[in-house]
Every structure is written in C-alpha cells, then in structure tokens.
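Engineer: Chains as they are written, first to last, in this note's numbering: chain D, 933 to 1141; chain H, 933 to 1141.
None of these hints come from the bench; they were simulated from the model. Incorrect hints may appear among the rest.
Same chains, same names: a pair is fine if it fits in one copy or spans any two.
Using 20 Å as the maximum straight-line C-alpha spacing, the simulated EDC-like pairs for lysine to aspartate or glutamate come out as follows [what the hints assert, rightly or not]: (1) 994 to 1106; (2) 1013 to 1101; (3) 994 to 1126; (4) 1091 to 1126; (5) 1091 to 987; (6) 935 to 949; (7) 1091 to 1135; (8) 994 to 1060.
Number of protein chains: 2
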Amino acid sequence: MKKRIGVLLSGRGSNFEALAESAAAGRIPNAEIAIVVSNRENAPGIERARARETEALVIPSKGLEREAYDRLVAAALEEKKVDLVCLAGYMRLLSPYFVAAFRNRILNIHPSLLPAFPGLEAQRQALEHGAKFSGCTVHFVDENLDAGPIVLQAVVPIKDDDTPETLSERILREEHRIYTEAVRIVLEGRYRIENRRVMILPEKVSEKR
Amino acid sequence: MKKRIGVLLSGRGSNFEALAESAAAGRIPNAEIAIVVSNRENAPGIERARARETEALVIPSKGLEREAYDRLVAAALEEKKVDLVCLAGYMRLLSPYFVAAFRNRILNIHPSLLPAFPGLEAQRQALEHGAKFSGCTVHFVDENLDAGPIVLQAVVPIKDDDTPETLSERILREEHRIYTEAVRIVLEGRYRIENRRVMILPEKVSEKR
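Next up, chain D with everything else stripped away, as it sits in the complex (with noise of 0.2 Å):
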C-alpha cells in the first residue's frame, strides 16, 4: 500500500507542490499525498491541492486554543491514515499533544542552516545578519519552534548582491529538492536517531531488511 502524507500549509505551499510532484514521479517511491491541511481559509495551497484533485481541507483556528485546535487537525490526518506530516509553511507551532500523536512523524523544512536564523524571514535575518552562506533544512518537528533533530541541510552562497527575495529563490529550489529526499528517507525508515543526531543509513542497507 502506498505510504500516505498529509500536509500542513497556511500560504502557497511550493513545498507541497514540490512533494505532489515527487510522489507523482516516483522520486518519493510508493507514496502520495493523502491529505492538505491549511489553518487559513485564504491560503493560495488549497487551491492548488484541489487543482491537483488532492483533498484539501481548511479548518480555520480562530478562537480555539492551540490544543483544541489541533486535536481536529490530528483527528482529519489520523481519518486519512496518514503515515507522515510534513509541514510546508505552515505558521503555528504545534502544541505537545500533536507532537506526541505523531512522535517522529512530523517533518518541517526551514529556509536557513539551523540553528541559525530561526523564525520568521530567515532569508532576510540572514542577509542582514552578514552570513556568507545560508541554506535550508528539514527537521523533526517537536514542541520548540524549528528546533527537533535534523534530517537533511542544503547549502546555498549568498552573494552580495542578493535580495531576501534571490536568495529564497535560491534557497527555495534546494528546499524542494532536500524535502523531498528527507520524505524519502524517513518513509523508507532509512536513519538512526542518536540523541539529536540523525544518522542516513545508506539505500543497500535498507533493501537487504
């Protein structure tokens, strides 16, 4: 059977785009995307996942507490089976009840080289910090924001000429590209956690299990 991803999202959701599109062409074997879940009713992904004929539901957050709310959440990807969520600018931390129902099931990609330029606007955190390079990463979600142990980093030059918006287009290709081997990775069950440290076991390994 294949192995079923939801998706969070509250703006366009390139990086949903991104793993549709791997799914669909086998770059992530045996899987697809089950589910999107966007916390804003406007949110320009949803019509994306409709458009792609993926089932997109919005379930507005306003006036609930943050576990109320994601307890309807965690009840729409758990209705779906969903085997993984993954996190595509989705803006609103989870609170410890979701991270305990999908314990290391939980990816998010951030577009800088944690654990520098956490929160909002990394790429531009990062230009106006000075930063010769920057990057992107896919991490385990957990309580604390863009924090969890680290899948895969990319890393991208910035250039002095750069804006915040050449250099998320920069670091915005190489987020599609690394979110997609870490989906990979992580649904094929291909690593090893120790402590914080996750640990890529190579292909061969997996396919003698």
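Given chain D's structure and the hints, the job is docking chain H onto it.
Structural biologist: Relative to the frame of chain D, chain H by itself:
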C-alpha cells in the same frame, strides 16, 4: 613599508603559524607578524613564535581588571605600530577600550558558521546539535562574544562518523585558508561595510585606486 600584524593567543596558536607562513610565502603580500602576545605563560604559541624569531610577549592577566589588562596589551601593540590585530585562540573578551583603540582593525576566527555555535567547543556543539554542515568564520571583533561583521566563511560537511577531533581537523584546514585570505583583504582595504554586511571588492578595483 610592510603592514604589521599583531597576534593575540592563549594556546597553541595554529592560526598564528598559518598567518606567519602565509606572510612569509607572499600569500599575504607585504606583511609580517610584528608581535605575538599571550595572556598565558605556558601557551605553546609563544614558543612557536620564538622559534620563528618573532617577538613574543607574555602579559599575564592575573589580578587585573579587563580594561587595565587591555591597556597593557594595546600599549604593546601600539609600540610595535601594529596595523591589524589577529586573534588566534585568544580566550578573553575584549574591553570596549580595546575595541575602540583598534576600531575595525581586529579580526577573529571561529570554528563554526556564525551565528550558529558561538563560544567554546563549537565543533562539539555542532556535532551534538546534529548539524549536517559547519565551518568557520573570520569576523571583525566587537565587545560581544563571536559577534561583529563577517568577512569570510567556509563550509565543512559533517560526517556521520565524525568526532569533535576529526571535525576540528577538517575545519582547521579551512580556518588557515580563509584567515589568510581575510587578512589579505582587510590589509588591502578591499572591502566595504554596510550595516553588518561586509562586501568584498574585486582585486582589480583595488589595484586601480
């Protein structure tokens, strides 16, 4: 006349030796190490300096307040008419007095991609955090720890079987390379600072001046 570099160190001073060799070999043209100062009597870097017939001074910091100590060091550097101060494993924060006395003329090298992993044992911090890339940073020094505008950085991938020692060794090779390059750039005035961003100017532009 040759540009004069003063080196401050507290330990073995491998970056002092790298700079001394780069100056001797012309990779830092028209420059020399005018003096090495250590705050620790038993710093191996002192012996290494003397073996190179470089003047080496121990100024013990014991019992002195930060600024009082820094005034002694600054006086020693000024007596030698130092153009640039290079920290090479110097285990002290500089006082505002010292920073003002050598405004934009103090460089440090740190074994991480700052702002990630400042402080002691940066290589071990990177490993234990599970980062997939680390590296090193040459930056101008201000009153804060491992802060100040970044001149150059280099990236070093972290391997699953790295120990703090193997990672430190690979980073150290990059440290020697970029410290040499950064000292050359700064001595040639081949940079421009905008807020915290250090823009490197091409060599040709500087030759035309």
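Engineer: A separate judgement is required for each hint: does it hold in the structure or not?
Structural biologist: Cross-check of the supplied hints:
no.: 1; hint: 994 to 1106; verdict: neither (33 Å within a copy, 51 Å between copies)
no.: 2; hint: 1013 to 1101; verdict: neither (34 Å within a copy, 47 Å between copies)
no.: 3; hint: 994 to 1126; verdict: neither (38 Å within a copy, 42 Å between copies)
no.: 4; hint: 1091 to 1126; verdict: between (35 Å within a copy, 14 Å between copies)
no.: 5; hint: 1091 to 987; verdict: neither (40 Å within a copy, 40 Å between copies)
no.: 6; hint: 935 to 949; verdict: within (17 Å within a copy, 56 Å between copies)
no.: 7; hint: 1091 to 1135; verdict: between (35 Å within a copy, 17 Å between copies)
no.: 8; hint: 994 to 1060; verdict: neither (33 Å within a copy, 39 Å between copies)
Going through the hint list in order, the structure does not satisfy hints 1, 2, 3, 5 and 8.
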